[in-house]
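Q: Heads up: the sequence lines are chains A and B, in that order. Going by the numbering used here, the first residue of the first sequence is number 1, and it counts up by one from there. Going by the numbering used here, the first residue of the second sequence is number 1, and it counts up by one from there.
Simulated from the structure, these hints should not be mistaken for laboratory data. Beta carbons are placed, not taken as given, at the ideal position from N, Cα and C, and that holds for glycine. Hints are not guaranteed to be accurate.
Here are the simulated EDC-like cross-link-like pairs (lysine to aspartate or glutamate), alpha carbons at most 16 Å apart as the crow flies [unchecked claim]:
#	chain 1	residue 1	chain 2	residue 2
1	B	K147	B	D126
2	B	K147	B	E136
3	B	K152	A	E26
4	A	K185	A	E248
5	B	K147	A	E26
6	B	K175	B	E15
Every beta carbon over 12 Å from chain B, so not counted as near; a handful from chain A, in silico [stated by the list, open to error]:
#	residue
7	T113
8	V201
9	G204
10	L219
11	S246
12	L269
13	G360
14	A383
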Amino acid sequence: MSTMMDKELENAGEVPDNRVTSALSEYFAKVRGGDVGALPAVLGLVVLALVFTALRSETFPTAFNFGNLLNQGAGVIVIAMGLVFVLLLGEIDLSAGYTAGTAGAVLGVAVTTHGWPWWAGVVVCLATGAFIGLIIGLLVARMGIPSFVVTLALFLALQGVLLQVVGEGGQIALTDPTILAVMNKNMPVWLGWTLYVVVIVVYGGLTFRRMVTRRANGLHAERTTVWAFKFASLVILLGIVVYLLSIERSVNPAVTSITGVPVVVPLLLVLLVGTTLLLNRTSFGRHIYAVGGNAEAARRSGINVANIRLACFVICSTMAAVAGIVIGSRDNGITPNTGGGQTLLYAVGAAVIGGTSLFGGKGRTLDAIIGGLVVAIIANGMALLNQPAGVVYFVTGLVLLVAASVDALSRRRTASTGR
Amino acid sequence: MTMPAPDFGPTTTDEPLLSLRGVTKSFGAVEVLREVNLDVRLGKVTALVGDNGAGKSTLIKGVAGIHTFDGGDYRYEGESVHITSPKQANALGIEVVYQDLALCDNLDIVENMFLGREITSAGLLDDATMEKRANETLAGLSVRTVKSVRQKVASLSGGQRQTVAIARSVLWNSKLVILDEPTAALGVAQTEQVLKLVRRLADNGLAVILISHNMNDVLQVADDIAVLYLGRMATQVDAKKVTHAQVVELITTGRLSTDPPPAAVAVAEEESTNSAVTNDQEDQS
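Isolated chain A, as found in the complex (with noise of 0.2 Å):
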């Protein structure tokens, strides 16, 4: 008892320091306890990365390739993003990959066949995703069904849909120019590097007005070497990021030129800031975290429970319909199989594997970013190496199994640290 006493009467003598180094070691220690966050995600990317390099290095580490990548993973990326959400409550959602191709059916029947402009289309294919969002809701949060069971039904149901509408062995092909620009086109070289800066000075501006005004009203503000190096990274990060894509990555430069970013790109960011904005600055996305951390102590707050299980499943299923117009825009239409097969597992995958927990409460929109990009590599440097695609999805699934694991055992560790 003294001893716990003693520690209490050492914390609050504390004076907060100055020094990177115990920065560092705060760092080490919150990743000690059980805090790993988006790090096994980053250190994977990495050695995948480097791991293919060295295996195919005259075809993994090109601009075009890269350029792929970006291409492929997207329409995970967005699932994923949804599901970060329900995810958060410590719910799942199996039907998000055939909402997505549902959605993506009509936007095909909106578009192609009756001739609506993108736009309209676009328009009723969210509003299928928020609706199909609204009845698992419903029946989770009112009718209290558990969300595996609803969305599993779900997942079946939708399938049957999607087989209805496009047809056996049929395909609703995509024509629209607005809508395939979205996978196939990309921006010119000159906005790319423009969104680059412009991204770079708001984020920078924006965490250095807020860490100078909180040091300055005596709060608890980020050491200013860390933003620094926070802001550098980025800086090079993105900026290797955007060189490559504005690159000549054509194999046949002759024929035709691929340069610039791709126009999902903005879309992605679009997302990411937008749902982080409303995760972590609104009292929604507080409410959201609460719930999914204690549901009891957030009830007795006077938060709506009900109400924020359903608008979660609300903006899952929503996501999912975007995520639904970006595969149907890569593969130039929309089939029986749109959404389906993998899709969904890797979007859990990428969720899970960016440090999203599965027990609720824990996890951030750009986590699923990370994770979907982790997921992407493995499935392109895998066929790059010529692996059948038994063993992608044998891999895959072992890397969801480890992400799942980190999850846990950090999870345990947290318990019994108490961090």
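Got chain A sorted already, so can you dock chain B onto it with the hints?
A: Quick look at chain B alone, frame taken from chain A:
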């Protein structure tokens, strides 16, 4: 500690903040509260004691608006009020700290303190203001045991969690804070800290209702002791005027035999301490 009142009986210095008169509550055929009277004053800690099933929880839930009393008069700040929901009670400045604390482990101290009542500006969370107010509140309660208000609640000790839960309850200009067994799960040092905090709440001018099974805690910190016995208010007495043994006797029999001779007190005290311990153990299970 305040000076003891001259008479054997509740301290009658001024108009009570909360005054219950003849309050009743039944669940079906079971009469849980029968004609209960209770006075709670600003600046005083009123301990509410009683054996299991005496009606403490029901009484508190009625005050906090979770249940509605069937009959009797509920007077608050001198006015008769009818409270039917927790929100209504909160609006009057009544806050309850439940035994399980209702904190979210994955959120930090500031986030927990403002949960459900976040301060926003232009639709976005105003974290700076919330953090400042959390710091001010903790400083006002002389809390120095938490290192940073930005640490996750998961990393806090039991006493620190209790501190956060209590600090949350005083954040909203509350006048009456109800604490349900705040020291039940704590060690010796942490119990001491929490009791000091409870005393400080009252010294800061709040009215405090403390529910506890631990007579040592009660006698250490309370100004008034209200004893419930089988749904009746056995008595509400000045804590200075009763001994440990007498309180235990009130809890177990609902009345006080004539003052025992000095020689017998020690024995009775020892016996009742034992029985109190037994009671405690039963309560824990």
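Q: If a hint holds in the structure, say so; if it does not, say that too.
A: Status of each hint after checking the structure:
{"no.": "1", "hint": "B:K147 with B:D126", "in the structure": "violated (22 Å)"}
{"no.": "2", "hint": "B:K147 with B:E136", "in the structure": "holds (14 Å)"}
{"no.": "3", "hint": "B:K152 with A:E26", "in the structure": "holds (14 Å)"}
{"no.": "4", "hint": "A:K185 with A:E248", "in the structure": "holds (14 Å)"}
{"no.": "5", "hint": "B:K147 with A:E26", "in the structure": "holds (14 Å)"}
{"no.": "6", "hint": "B:K175 with B:E15", "in the structure": "holds (14 Å)"}
{"no.": "7", "hint": "T113", "in the structure": "holds (40 Å)"}
{"no.": "8", "hint": "V201", "in the structure": "holds (20 Å)"}
{"no.": "9", "hint": "G204", "in the structure": "holds (19 Å)"}
{"no.": "10", "hint": "L219", "in the structure": "violated (5 Å)"}
{"no.": "11", "hint": "S246", "in the structure": "holds (34 Å)"}
{"no.": "12", "hint": "L269", "in the structure": "holds (19 Å)"}
{"no.": "13", "hint": "G360", "in the structure": "violated (8 Å)"}
{"no.": "14", "hint": "A383", "in the structure": "holds (38 Å)"}
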